[in-house]
Structures are given as structure tokens and as C-alpha cells.
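Engineer: The residues making up each chain are set out below.
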Amino acid sequence: MSQTDSPEEQIDETTTWPDLAISLYDRLTGRNAEITYEFEDMTVDVPSGTGEDAEHAHWRLDGTVRVTTRENE
Amino acid sequence: MKTSDLSAQAPLAIDADLTLTRDDIEYRITATDDTVTLDAPSIGAVVSLFRSLPAGALDQLGPLLQTTDVTVVVSVGDQRVATLEPASAWEASDLDAFEVRSVDVHPQGVAVSVLRELGRHPVALAAVALVTIWLVWRLNRRRGGESAQS
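If you're matching them up, the sequences are chains A and B in order. Heads up, the first sequence is in our numbering, so the first residue is 122 and it goes up one at a time. Heads up, the second sequence is in our numbering, so the first residue is 1238 and it goes up one at a time.
The shape of chain B in the complex, shown without the other chains (with noise of 0.2 Å):
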């Protein structure tokens, strides 16, 4: 059996808005159409929620995107940090042999929201900071010890 013949087993449309609270954290869940939302305050908090998900449960929602062509955006404030979509390239033999998760992280909101959030811990953004100068003058020494040498 192949994606296209499962995509089009059972195309839901998805109208929601919803607040979820876990443990003081507040997501926001909006959905349009095909597209559902989920608003993080931070990339802690995504990385919270989905670890606290019943063991299993990120292997479930291939299939349950694949059964229902919906997608899932994952934001932190207005940056877009992940996309989970069903997956388009795969032949398995019925639902159960799907393993593939297709998860697009998007490395650019990811850096936005990370210094945003380091933006809030100055001391931390001036460790990050530091180390960055080291790495990069550690990097810039040992390229000119090789040319050097060479």
C-alpha cells in the first residue's frame, strides 16, 4: 500500500481553540481546517510536553496524520520551531508496520526563540556569549597553526 492510497482514508477538518495547562505551563491549540497549532510559551515547555506524553503516543501520530492528512505546526510566540506532517514517502504493507515520523524542525525559529528566551536570563546569554567568542577564537588559532604549517 502506498501514502497516496492511505492519505485519502479519512481527511478530517479540524476547527479548534483550545487552552491546555500543564503544570502552570499554558499552551494555546488552534486549528483550521487541515492545520492544527500548538503555541508553546517556550522551548522548554515543547520539549516538556512531548516528553511527558504517554510512552508510545509520538509513535501514534504518524499514522494519525497519515490517516487524516492533518499537520501540525509547533510555535513558540511567533516563530514557526517545528512542523509534523504526514509522511510522503513510504510503502509499508498496512498501518501498523509505519515507524517513519515526519518531523521538519526549523532550525532558524528554534535559534530565534532560544536567545529569545536566554534574552530573559542575562547571565546566561552572556555564558552562551563567551563560549561562542572562545569556540570561534579557538577555531580561528587552529586554521592559522595550519596555514602556518602548510
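Excised from the complex, chain A in its bound form (with noise of 0.2 Å):
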């Protein structure tokens, strides 16, 4: 994104994992629609802060997920 993006712009962006939930919620509802996510043997290293020195823990997924909405109650 550059500097001259005008504030409207900038408020598409997804900067949250809320904002992101949000998003994909927009997407799914009213369309019947599923996302499905599968795992084979996924491995990430995550890290712990943001810095040179951060460590890494080493994660492995392996399986599926599937995300639907639910109605507003």
C-alpha cells in the first residue's frame, strides 16, 4: 500500500483476525458456501516475535477444516 491511499481504501485492508472472520463471513453467507482447508503434513515454523532473534517453534498440521456460518441469533 502507498503512502497517497486514501482512507477509504485503507479500510478494505485486513489488518485483524477479527476484520479477517468478518470478511469470510461477508463471502459465505447467502451462498451456501463452505471453505475447506486440508492439511497434508503442513509443517510452519512460527515464530516468536517479530525480531532477528525470535525463536521458532516448529508446527505440523495434517487433517481438514471446514468453515461454514451459522445464523445470527
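Treat the hints as calculated values from the structure; they're not laboratory data. These numbers come from a predicted model, not from an experiment. Ideal Cβ placement from N, Cα and C applies to all residues, glycine included. Warning: the hint list may mix true and false statements.
[To be verified] Partial selection, computed: residues in chain B whose CB lies under 8 Å from chain A:
id, residue
1, Asp1252
2, Leu1255
3, Thr1256
4, Leu1257
5, Arg1259
6, Ile1262
7, Asp1271
8, Thr1272
9, Gly1281
10, Ser1289
11, Gln1297
12, Glu1354
13, Gly1356
The two chains are supplied separately, each in an independent frame; assemble them into the complex guided by the hints.
Structural biologist: See the structure below:
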């Protein structure tokens, strides 16, 4: 994103997990859609922080995650 | 903005069957509808996993659970040790102001899990038992002294 972006353009950017969940919900709602993630021995080195000296935890994922929407209660 | 306004923002249903391996420790993640269950082999593994998360990740978990109306259950074997729920009583002007985490720790589940873990290490279990007996003995002795003085 350049510094000349208008505030309206910046709002469209997803910057937090709740924002991501909301955009996911918006895409799925009303379409009876679902998103399925399948992990087959996917490895991720999860950093403890953002610095160069951050430690990394070695994660391995295997399995399935399926996301759909629920009715508002 | 109140909780009731936010809780309906993006309620998601999750169906998951995952195995997470971290530093040779295996965790099981299952989910049905609005509940995600993390099953760890020990209390130490739970603590270790949460401590390995990137800085600030746990602070982001509260708003995420609030927005999606999802509950996370942490269990060790058949014992539920903690429940992370969408916080129910807070008022804030926006999501950035949300800092409260709603974590219910279940002492009974923690105690049973810790005892089971200690049971796998008899020397440690004996040490804990001795310390407990000593503490009870000291407490009773102090109470006896106080009642004699009065």
C-alpha cells in the first residue's frame, strides 16, 4: 500500500483476525458456501516475535478444517 | 457498542479434525459447529503451546472469539482444563479497545491432569505427597498453638 492511499481504500485492507473472520463471513453468507482447508503434513515455523532473534516453534499440521456460516441468533 | 451487537457480527461454524505436532508433541484439534476442542497430552504441553504463540496472539484471540461466537475448549485426556469463551460483559467503542480475555480454568480438571502426570513419575508424586503432609502438619500445629493461647 502506498502512502497516497485514501482512507476509504485503507479500510478495505484486512489487518486483524476479527476483520478476516468478518470478510470470510461476508463471502460465505447467502451462498450456502463453505471453505475447506486440507493440510497434508504442512510444516510451519511459528516465530515467537518479529525480531531477528525470535525463536521458532516447529508446527506440523495434518487434517481438515471446514468453515461455514451460522444464522445470527 | 455492546457485546450483543458484536457477537452477531460473523458467527462461523467450524468442522475440524486436525493433528498438530509441535516439537514432537502431538495435539488433536477437533471442532463441531461453534466449539473448537484442543486436546493436549499434558498440562505442560498446553502451557508450552500457548507460550510458543507469537507475542500478542492471545490478545487477538478474545476479539476473534467475540466476532465469530466460537468457544475453545482445552482438554487433557478426558479432563476439561480450560474454556476460552467470547466475553459476555464489556462495552467498548471499537474492537481495538477489547483487551479482556474470558478464560475459565477448571481447577478439578487441572488437578486430575496434574496428578495423572505425577503418577507417571512416582518420585515426583512422593515428593508432592510429602510436602503436602508437611504443610498440613504445620497448619494443624499452628492452629493447635493458637487455640492453646486463647
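Engineer: Which hint numbers doesn't this structure obey?
Structural biologist: 6, 8, 9, 12 and 13
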